[in-house]
Amino acid sequence: MEFSQAALDYLDALYGYALTLTHDQGEAEDLVQDTYLRAVRAFGQLVPNSNLKSWLFVIMRNAWLNQLRHRQSGPHFIDLDGEENQAAGWTDHRMPDPHILYLRKLERAEIAAAVDSLPRLYREIIVLRDFEGFSYQEIATMLGCPAGTVMSRLGRARAKLRRMLKAWQPARAAKAV
Amino acid sequence: MIDCKEIHDRIALYLDEELEGSERAGFEAHVQSCGACHARLKSEREFLGVVRSAKPLHTASPELRGRMEELLGKYLKLPVATPSLRRQVEYSLRLGKGSLPAFANFRTLIAASAFVAILVFLGFWLVTRESTYKDREGLIAGPSEFALMAADTHLRHVRGQLPLEIDSHAPQEISSWFKDKLPFSVKLPNYQESSGQEKLYQLEGARLVGYKNDYAAYVAYQMRDHPISLVITSNAVATPSGGQEIAAKGLVFHYDSINGFKVITWADRGLTYALVSNLEERGQQSCVVCHHGTNDREFIESLRPRS
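These protein sequences, in sequence, are chains A and B. Its first residue numbered 1, the first sequence is counted upward by one per residue in my numbering. Its first residue numbered 178, the second sequence is counted upward by one per residue in my numbering.
Misleading hints may appear alongside valid ones.
Quick list of in silico lysine to aspartate or glutamate cross-link-like pairs, EDC-like style, CA-CA up to 16 Å [said to hold, decoys possible]:
id, chain 1, residue 1, chain 2, residue 2
1, B, Lys-356, B, Glu-342
2, B, Lys-219, B, Glu-197
3, B, Lys-232, A, Glu-2
4, B, Lys-232, A, Asp-34
5, B, Lys-439, B, Glu-350
6, B, Lys-251, A, Asp-34
7, B, Lys-439, B, Asp-329
8, B, Lys-232, A, Glu-124
9, A, Lys-53, A, Glu-110
10, A, Lys-166, B, Glu-223
11, B, Lys-439, B, Glu-422
12, B, Lys-251, A, Asp-12
13, B, Lys-232, A, Asp-12
Chain A stretches covered by chain B per the calculated footprint, using a threshold of three residues with CB under 8 Å from any CB of chain B [what the hints assert, rightly or not]:
id, region
14, 28 to 38
15, 51 to 58
16, 111 to 119
17, 122 to 134
18, 142 to 155
Pulled from the structure, derived: some chain B residues nowhere near chain A, Cβ distances all over 10 Å [stated by the list, open to error]:
id, residue
19, Asp-193
20, Val-227
21, Ala-237
22, Glu-381
23, Val-414
24, Ser-434
If you're looking for bench data, these hints aren't it; they were derived computationally from the structure. Even glycine gets a Cβ: it sits at the ideal position worked out from N, Cα and C.
The shape of chain B in the complex, shown without the other chains:
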């Protein structure tokens, strides 16, 4: 039997919905049969009711609300997948269920890591051969400004007009170099070494590139003598658009063919990426062969259009 002292101690818990089951039932049974405790509960309930009726104590000014709406709209202007793309993603996820690549759990800002991106790129190349014909028919929107900048930056680097500011094969070293130079964090993954797989690509170095009155990160890779460029900026500065949209791994990728370069742009976790390459068919096929039968292969295959 609960005594009055215990009931008094539990009044706040009861009113705050923190009592459950037999404790709550015991409390209610006592209060119904005890006038003093009933009065005390009633008084406390009324007191809290009066206090809580003062809510809200403060409200944000219209100016603050306007600024926050602008801020959220600026940073979270995420691409919306079409129903067909959603179906494609769902199909891909079903295929990949229980066998996602080991890097699927990465929670870094470069979650769609360069390695993933390269694999996706290969998948894209396979997928988007059709898009060339669509491009000719004018069915695909033109490339975004960011994609054009990335392609131009890649071209200048390939021509030797854009030297790297840091030469390093170590992702960690390059990530550290970018620190405090950019208004966002760049954290390059080290998937190949950690996975113990044969290196499919080589990190070469990085530099800053100017874009829209701010700096973007430029990272250079080599993949069997084919240069690959990764450009990263804030989602506030550039949002991916244009080209052919393809959904994979919960992201929407935009594929463009610009002056012979294949450019993929996408946004993830507040950052916008562009991956540029001129990978040839043979090289792509050999990479696919390397991953035949692996989860990566399944992932690439999941990007194929379903007829």
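Same shape as in the complex, but just chain A:
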């Protein structure tokens, strides 16, 4: 497939990731444009048969980090790896899980809103794994961290998302009643 068409196939995914990083529609659109510009300029460096999607995501993340550096504020990463060391907050799964029953009724927009309200590092890793389907190793390469960190961060992000969705249950349940 032609490069430009293949690259365009990932536009929605890149835009979603840009929003994940910037949390601002205008900045996200600028970041997408910057990513494609960098991609066409670096097109010759793309190794044949390599993963185009992963390559574009890496370009986007690097472009975003560059933008942050140019603003001289530096990326405000919050170290979440030391946070939430408790277990993933399981309920008693031997019983029927009312939480899952409830989750099934959730609107897509509500889940999207919950993901969007996660801390950036958690949001990012959920997007990369659960929405874009990158492997742990691919994510580790993108983020520049060990695969073990990806695994642990993903576990904490999912646990937090699960708790957030569960926290909305009373309001939904009240409506249902």
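The hints should help you fit chain B onto chain A, whose structure is shown.
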């Protein structure tokens, strides 16, 4: 035997397709025989299914999509080789397999370096003597605007009407001079010095030239008293077209004869190049003799038309 704690730790790995072989088989065997772990796996799978069903969280607006289509189309309007050209390239690659020139691995923006270009030019001259006859028969498209500009720029430089802004024999110095003056990066290779070969050409200097409301890079060389001009611009500003198309080294070159000058244009990695010269036959032949038996010679020969 894997215990339940280990299984719990591996549920995410399993659902994320990160378990393989015996680990995966052991996990599945345990889950099938353990009700608690089976329930836990089922719950987590459903949770992830619900989360993942929210995809896509966001979609690009039609306006953004339109802009990106335009951007990609503008920058990646690459020439498409005809089937005959593809066969020629394949033939050339077969000939050159395992013995490509040392500069074949260059990954700079000037990947088709001036040295390569000059060699290609010589090959072209040999190849395109036939094209003169085709030109007369009207079978070849006319030169592109960029090729015409390059030929005119070369002529003005030869006449002394276009002085260089930097005089230097050092590729690095000229590359640095272009930095921040152009919307793209110019990185001139230093093949001759690094290869230790006799210098076949001499870098003279460079300047900026205006083209389509922007600057293009102009680099001047001398090859045994024959001036050679290399003009570089962005692929967004000019795309090579017209003339006789010849494929070599994975690129498509366009050859034109303009006012007695031989002009080759090509695009590579986002940039468009034009190489202009009036090299005479004797000089070309002597260069070919210098490279007889070398990989470069093989490369030039690979450009010859096959009857």
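Right, here's what the structure says about each hint:
Distance restraint check for Lys-356(B) and Glu-342(B): the Cα-Cα separation of roughly 14 Å lies within the 16 Å cut-off, and the hinted pair is therefore satisfied. With a CA separation close to 19 Å, the supplied pair Lys-219(B) and Glu-197(B) exceeds the 16 Å bound. At most 16 Å may separate the alpha-carbon atoms for a hinted pair to count; Lys-232(B) and Glu-2(A) exceed this at roughly 26 Å. Distance check on the hinted pair: Lys-232(B) and Asp-34(A) sit about 24 Å apart at the alpha-carbon level, beyond 16 Å; violated.
For a cut-off of 16 Å, the pair hint linking Lys-439(B) to Glu-350(B) is broken: about 28 Å separates their Cα positions. A hinted pair counts as satisfied when its Cα atoms are at most 16 Å apart, and Lys-251(B) with Asp-34(A) qualifies at roughly 15 Å. This hinted pair checks out: Lys-439(B) and Asp-329(B) have alpha carbons roughly 12 Å apart, not beyond 16 Å. Among the hinted pairs, Lys-232(B) with Glu-124(A) is consistent with the structure: their alpha-carbon atoms are about 14 Å apart, no more than 16 Å.
Distance restraint check for Lys-53(A) and Glu-110(A): the Cα-Cα separation of roughly 27 Å exceeds the 16 Å cut-off, and the hinted pair is therefore not satisfied. The straight-line distance between the Cα atoms of Lys-166(A) and Glu-223(B) is roughly 14 Å, inside the 16 Å bound, and the hint therefore holds. Only pairs whose Cα atoms come within 16 Å are accepted, and Lys-439(B) paired with Glu-422(B) is accepted, the gap being roughly 14 Å. The straight-line distance between the Cα atoms of Lys-251(B) and Asp-12(A) is roughly 20 Å, outside the 16 Å bound, and the hint therefore fails.
For a cut-off of 16 Å, the pair hint linking Lys-232(B) to Asp-12(A) stands: about 10 Å separates their Cα positions. Taking a C-beta to C-beta cut-off of 8 Å, the region 28 to 38 of chain A contributes 5 residues in contact with chain B, enough for the three needed, and the coverage statement holds. Interface restraint, the region 51 to 58 of chain A with chain B: violated (0 residues with C-beta to C-beta distance below 8 Å; minimum three). With 4 residues having a Cβ less than 8 Å from any Cβ of chain B, the region 111 to 119 of chain A passes the three-residue criterion, so the hint holds.
Beta-carbon proximity to chain B at under 8 Å applies to 5 residues in the region 122 to 134 of chain A; the threshold of 3 is reached and the given coverage holds. By the rule of at least three residues with a Cβ nearer than 8 Å to a Cβ of chain B, the coverage given for the region 142 to 155 of chain A holds, with 3 such residues. With a least beta-carbon separation of about 7 Å from chain A, Asp-193(B) fails to lie farther than 10 Å from that chain, contradicting its non-interface assignment. Not every beta carbon of chain A lies more than 10 Å from that of Val-227(B), the smallest distance being close to 5 Å; the non-interface claim is violated.
The Cβ of Ala-237(B) sits about 4 Å from the closest Cβ of chain A, inside the 10 Å cut-off, so the non-interface label is violated. In this structure Glu-381(B) is separated from chain A by more than 10 Å, as the shortest Cβ-Cβ distance comes to about 28 Å. Against the 10 Å criterion, Val-414(B) stays outside the reach of chain A, whose nearest CB is about 14 Å from its own CB. Every C-beta of chain A lies more than 10 Å from that of Ser-434(B), the closest at about 29 Å, which supports listing it as non-interface.
The structure fails hints 2, 3, 4, 5, 9, 12, 15, 19, 20, 21 (numbered hints given earlier, in ascending order).
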